[in-house]
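Chains X and F, in that order, are what the protein sequence lines are.
Under the working numbering, the very last position in the first sequence is 117; numbers go up by exactly one each time.
Under the working numbering, the very last position in the second sequence is 242; numbers go up by exactly one each time.
No wet-lab data here; the hints were simulated from the structure.
Being a predicted model, the structure only gives us computed values, none of them experimental.
Careful: at least some of the hints might be erroneous.
[Unchecked claim] To spell it out: a stretch of chain X is covered by chain F in this simulated footprint if at least three of its residues, at any positions, have a beta carbon under 8 Å from a beta carbon of chain F; those stretches are:
1. 42-52
2. 104-116
[Claimed, not checked] A few chain F residues that don't get close to chain X, going by computed Cβ distances all over 10 Å:
3. Thr135
4. Leu139
5. Thr142
6. Ile154
7. Val160
8. Tyr163
9. Phe192
10. Ser193
11. Ser198
12. Asn199
13. Leu242
Glycine included, C-beta positions come from ideal geometry on N, C-alpha and C.
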Amino acid sequence: QQQVKQSPQSLIVQKGGISIINCAYENTAFDYFPWYQQFPGKGPALLIAIRPDVSEKKEGRFTISFNKSAKQFSLHIMDSQPGDSATYFCAASNYGGSNQGGKLIFGQGTELSVKP
Amino acid sequence: KAGVTQTPRYLIKTRGQQVTLSCSPISGHRSVSWYQQTPGQGLQFLFEYFSETQRNKGNFPGRFSGRQFSNSRSEMNVSTLELGDSALYLCASSFYGKNTGELFFGEGSRLTVL
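Just chain F, with the same shape it has in the complex (with noise of 0.2 Å):
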């Protein structure tokens, strides 16, 4: 079973540009999330999406936004970039509704803020 992939891995951005990146979730999970990772800050929570619909959202400005298709994957988008958005951009699905609570983690996207 394929785990879960995040595109692009690797991306070099300006400040003020945008940025999407996309995860696919592990066939079968309805529940995308989005965490920013950090060395200052730790694994920090974005948004979630199950069925299309954001469930739950952290503590980041309107800057960050995401999306959920009909087949689950999901996009996130970071708009006016700030040096402060470098961060690796990790996607986790889980399978809500089998109360393991156990996320699945995707190797991430790094993105550097110049």
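Chain X with its partners taken away, still in its complex shape (with noise of 0.2 Å):
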């Protein structure tokens, strides 16, 4: 019940299309659905995170759509350029939760390769 599901595990995308990368999760006490982005050699830095109060956030080309009946959410990356690529984590947590604030469960991750 504490897992989140991440698909798909790798994608390709041609320079200005549109990457899309889907979570699944079951804990309906998750409250916190941020999206981490990863470089090689460095530590994951925040890329845009939702709480469940609303279904879309938008910000700059990145989009998070949430679907909270599904306990489901996704990240759109629009008009992809090849800066973009490197390894994209969801995750989820109970932040509203007591003490479960530095607590994030992951994804699996997705390596996102744009092609020029």
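Take the two lone chains, each set in its own frame, and fit them into one complex as the hints suggest.
Here it is in structure tokens:
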């Protein structure tokens, strides 16, 4: 019940295309859903995050779509660029619960490659 | 503002030895979390410290331990190393209480166990 399932494992997209990564969770106590981006040799960095009271959040070319009833959320990268090539992780936490702030449950990651 | 600093960045140990990894959080951050990253298991939560107290613990054996000091710096220790402990160990800090939930990760300590 603590798992977050992420797909696909790898994704190849042409420059200018749309990259879509999907995640599903089971624990209905999760109330915070961030996406992290990781470049080789670096630690993950927060890209965008959403809470379950909204169905969509957009920041620049990055959009999270959230479906509370299906317990699914996805990341859309519009106009994908070669510089977006990285590993993307979805995550979830029970942030609002007592003492859960630093505990994120991560998906397995998606290696995105954007071809020029 | 300096980011999260982890030392050492790389280290090689042999089975049975122990290792201590260090993490200096971003100034003002009081929460420090540790994660293990491997190709097979991905990113797994080890534990979190806040104000020198362990607040959460993941599903790792007792060989994995940690502590936090009064200046929020943290260390994690792995005793009796096994081959499977080879991984990238990531430290993350956050300003808990600001309700952003954002974790700021360091670049990690890459441990190789031979």
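To see whether the hints hold, each was checked on the structure:
no. : hint    : in the structure
1   : 42-52   : holds (count 7)
2   : 104-116 : holds (count 7)
3   : Thr135  : 14 Å, holds
4   : Leu139  : 16 Å, holds
5   : Thr142  : 25 Å, holds
6   : Ile154  : 12 Å, holds
7   : Val160  : 7 Å, violated
8   : Tyr163  : 8 Å, violated
9   : Phe192  : 15 Å, holds
10  : Ser193  : 17 Å, holds
11  : Ser198  : 18 Å, holds
12  : Asn199  : 18 Å, holds
13  : Leu242  : 22 Å, holds
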